[in-house]
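> Okay, here's what each chain looks like letter by letter:
Protein chains: 2
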Amino acid sequence: MSDPQTLKGRKLGDRRVVVDRPHARYFRYLGPGVLEAKLEAQAPRTGYQRRMATVRGVLFGRPISTAAELAERLPIWKALPVFSSDVMSSVAYATGAMMLILAGAGQTNFKYVLGLSGVVVALLVIVTFSYRQTIRAYPNGGGSYIVAHANLGVLAGLIAAGSLLTDYVLTVSVSVSSGVQALYSALPAIQPFAVPLIALSIVLVMIVNLRGLSDSGTLFASPTYIFIGSMMLLIGVGIFQSLTGHLHEVANVEKLTGLATENMGIFLLCKAFADGCSAMTGTEAVANGVPAFKPVEWKNAQKTMIIMATLLGIMFLGTSYLAVNIGAHPAGAAGIGESVLSQVGRTVFGGRGPLYYILQFSTMGILILAANTSFADFPRLSSILARDGFFPRQFALRGERLAFNSGIVALSLASIALVVAFNGSTDRLIGLYAIGVFTSFTLSQSGMVRHWFAERGPGWRRSAFINGIGAVVTAIVVVVIGISKFDQGVWMIIIVVPILIAMMLFIKREYALEGVGLDVQPDIVFGPHHRSQRVVVAAQAMSRAVVQAVRVGQTMGEEVQLVHVTLDHVEGEQFRERVERQLPGVRVVLVESPYRALVRPFVRYLEVSQAEDPDRLTVVLLPEHLPRHWWERLLYNQNVHRIRAALVGRKDFVVLGTPYRRES
Amino acid sequence: MSDPQTLKGRKLGDRRVVVDRPHARYFRYLGPGVLEAKLEAQAPRTGYQRRMATVRGVLFGRPISTAAELAERLPIWKALPVFSSDVMSSVAYATGAMMLILAGAGQTNFKYVLGLSGVVVALLVIVTFSYRQTIRAYPNGGGSYIVAHANLGVLAGLIAAGSLLTDYVLTVSVSVSSGVQALYSALPAIQPFAVPLIALSIVLVMIVNLRGLSDSGTLFASPTYIFIGSMMLLIGVGIFQSLTGHLHEVANVEKLTGLATENMGIFLLCKAFADGCSAMTGTEAVANGVPAFKPVEWKNAQKTMIIMATLLGIMFLGTSYLAVNIGAHPAGAAGIGESVLSQVGRTVFGGRGPLYYILQFSTMGILILAANTSFADFPRLSSILARDGFFPRQFALRGERLAFNSGIVALSLASIALVVAFNGSTDRLIGLYAIGVFTSFTLSQSGMVRHWFAERGPGWRRSAFINGIGAVVTAIVVVVIGISKFDQGVWMIIIVVPILIAMMLFIKREYALEGVGLDVQPDIVFGPHHRSQRVVVAAQAMSRAVVQAVRVGQTMGEEVQLVHVTLDHVEGEQFRERVERQLPGVRVVLVESPYRALVRPFVRYLEVSQAEDPDRLTVVLLPEHLPRHWWERLLYNQNVHRIRAALVGRKDFVVLGTPYRRES
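Sequence order for the protein chains is P and B. Read in order, the letters of the first sequence are residues 23 to 686 in the working numbering. Read in order, the letters of the second sequence are residues 23 to 686 in the working numbering.
Isolated chain P, as found in the complex:
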């Protein structure tokens, strides 16, 4: 990035040269040998590219320059919906999920819901304070991966990263599926198209996200704030009714039957608690996304974190309190029946009036938006992983709208694949979130403890204590969830996450090997090229591609040798005659191949003749017909690739591809 003064200088220079330099339309002259590309320099050229650019413009908007990034940063009011819709959406189902588990030992146990909700909120407070510290300590983004990697080592970092990546994909699949499920409970006719509809919804969320952060913040703000508003109204009115003794019992509710098959005990409580914990997925979003905030980034992020936790706490406890007091009943396992929040809504708001419908629709909206938190998190985490070499490099590149396009697209594809694999019934994946989130919490908090011990700045003991509490509590939660949910699919996570980790380590190793192979020592000075070279052109027929290669070769050495492998003596001699006539001065070597191999005899000939004069270098020019379309690859022989693969990287040989394409 250049400083503002240079920017001003550029503008002046630009004005002056407009008339007399062809560069001026596309480039700004910044100094000797430095140009800055204008947007015109990447304008589309062909009609096809122009049409594509128009489509991209409509879908994603105009390109944004890197320098404009600051304007894309999020103020708190935009950041809250972007980073918290996942967390807040859990209010819609967490209470009900806990009650359903407790119903297994009879409906008298619904009273435990309030206590369990209290424990979850306490957990939330601990985690929030822990993360508040992390945000301050890692102002460039302090997700679990960064903290664990920095303080506990590579493996801990990758475990956190793998768990979170898996979770993000799960979140998108499950929340979009539930949103669409809510839609076809109302319109059964569309049920056969559920899977395409879910996929389409994911694609829509993807497109909005490819438009960039700020755009998606604006778009998602209103449903989130409507949801928060109606929830606050619901809880306020409900508690007022409760205090004044006007809170009614819920009417016309379908009670679950035949469920009281288990004994109330610690295991059942743990299971219910594990379901309640799924409310906390997405808490890490803010800490990971600190650089997306307006300056001062860490301060704004801390504020957002506190607001988010406070709102979640109020809404979660309030819903549970009201649910118990109106005598609500959970919906069945497959989402059959009325949700607890809907029962609370119509009881408090006095029937299915406008307020009730606003609550219901904003709930549906926030369930779909929950996916959006993952769309903020996954690309950011994968870009960090790419920067560190654990993910393919393109994940670290920002697109035209400054979004991490590769990550957004990868997340969409992975979650669509999951939806297709489970044929749209992703309900049973809900239970799998929590283990990943709490694993990453534990690693992150433990890392922070190490961090404070290493740093020992002012007040480090207090900070280490807070994070230590967080680490211990979340570790206990991991064990509780792991045991109580093991049979419900947690074993899948135990398979998927290590595969992801292995993949990331493999990518890291590949890049490292590439580094060793390609790196140039920074202190070598390369003198001019002094070795003599002979130039060889591979030619299977007389064509413009061969003529081009010969003419290039003639600028590189005095004599060009043309090597032709032939299956037929007569054809070979005809070829030689033609070359010698049309390309005077080129020497033709015919290699007859009675066993019909083309590549290996050619390579062997080059080797053998190189061995005759080992001091010189052999430059091999490979004329190549560049396909215009993918199907052309099937029609033309791939011998060029095989020759290249056989010679590249070998001592004394330099291979040059000389692609040719007919003019269109």
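Note that these hints are calculated values from the structure, not bench results.
When chains are identical, the list treats them as one kind, so a pair holds in a single copy or across two.
Cut-off 20 Å, straight-line C-alpha distance, at most; resulting in silico cross-link-like pairs (SDA-like, lysine to any residue):
id: 1; residue 1: Lys325; residue 2: Val143
id: 2; residue 1: Lys673; residue 2: Thr68
id: 3; residue 1: Lys133; residue 2: Leu339
id: 4; residue 1: Lys673; residue 2: Ser631
id: 5; residue 1: Lys530; residue 2: Ala563
id: 6; residue 1: Lys673; residue 2: Arg566
id: 7; residue 1: Lys673; residue 2: Arg67
Take the given structure of chain P and dock chain B to it, following the hints.
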């Protein structure tokens, strides 16, 4: 091909130079600038290649030189099994298939079988005499495609080719499936593995065929001759019994019930006849394969054709005669129940003795071998199509064992795909053969009529008359089959064949366009290269690949310019400093790209700077990290390909790929 004298000369030359030339191990010196590669020149190099070569050697045998092709030619005794197993195998089911149709109007109509068989054999005689003439007229292979193409035009040729290619795939799928079906009627336990078993059998037939024609001829000879022998014995004994009044009625046969639902009429007769005609698929094999015979090729082919037709006629008529006279009953539609041939066998041979079992097993063998005729035909036809530009070129290349490997592999893959698509139940495809075969018969015979009229050699009227009869008769058969079998899937052929034809025309057009784009006028003489050129290297980072490209560039022009597109001003200046220090004399141009595009600003810069001095040529060197494994393609940016695609084929630009790979 060189003449024997040169071959002798080579040997002497070879001996002399063994000690003093490094070429001698791999090449024979044939004259100035002409070498002949020995088998050693294509010997494997790496450990991996050596292991693969050993596997290939075990599966397919040692490579055979082109000159040794004559030794691979087939004598009649080997050609008969190779080219006739398809035709002969139909004896195993054709009679039964006709009886099953006739049973639709009651079992009293079985008497018509003998008459229908007579008509089919008459047809066979006509077609055989027609093809006898074709073989003489087209000694280099006179399949329907060649004859129709030469005499009736491209479209007629492609209709014949498309019908035949479809038929060959159908034949392989159906005959191998029936063979395996016969196996699991005996061993029901293997039924769940039917599809993999069928695929495996096809792969085995493929491997045998990749070993080359002569090998497969030897391998397939014994089952075919055992089948012919036991059939002849069966018919001889049966007719002797019949003449002496000792032929029994068949015992213990399960009669079909509830089938007499149709009225006997011309339509039912036509349907039965159409099924009988499927016996004639594969008749064209010999005419197509004339060049595979030992010299004098056409004479041997004619003899083989006559022998084949005679054997088929005897076996087919004999089976039908005996079937009617012992009162045999056809097996049900799904192949349930005992086959007619089996009933005839145990009645004539007096129960299930050794002779009966030899007959049954050789029948199973020949059913599987029927696939082999397609393996001789499909690759040969596709090689002819490839030579004419209607199929990808590699179909015209012979492999190490002189077989047309691409065709063999393509046929195997297509038929395995068909088996998988129909989940192994390919019975209902049987009815689809006949239409394709008779379409190609008609086109071929009509073509021959045109041929005789054009040539008017001695006896042309007689020849034209014979082929004319053939053309008219087979055309009638096409109509009969088309109408009576339309509802049984013939409509599929009407879809598939035009798609194949469109594909072949598309390929032809592609090659033609390529020819126009790449062809060099044969009378131009290209003088030396006089245009001045500037050399540009694209560089995204300092690496050995870039250093290599710069050093190559330095041999091509006095100054090398290094263009670096950067997203960050500081990074760009660091890069420039490093290049100027390590590669003295190289000029660095930085293009800053605030919108983060890399490819288009680079291309635009080259264009703009080329426009400043349009007389010179711009040579662009693209350093490229050549992937060692497929997954590396996912890890490295594909910008090089995009730059190449944007610049290749444009005026004033030459693009050179400079691949680099770390040493292993």
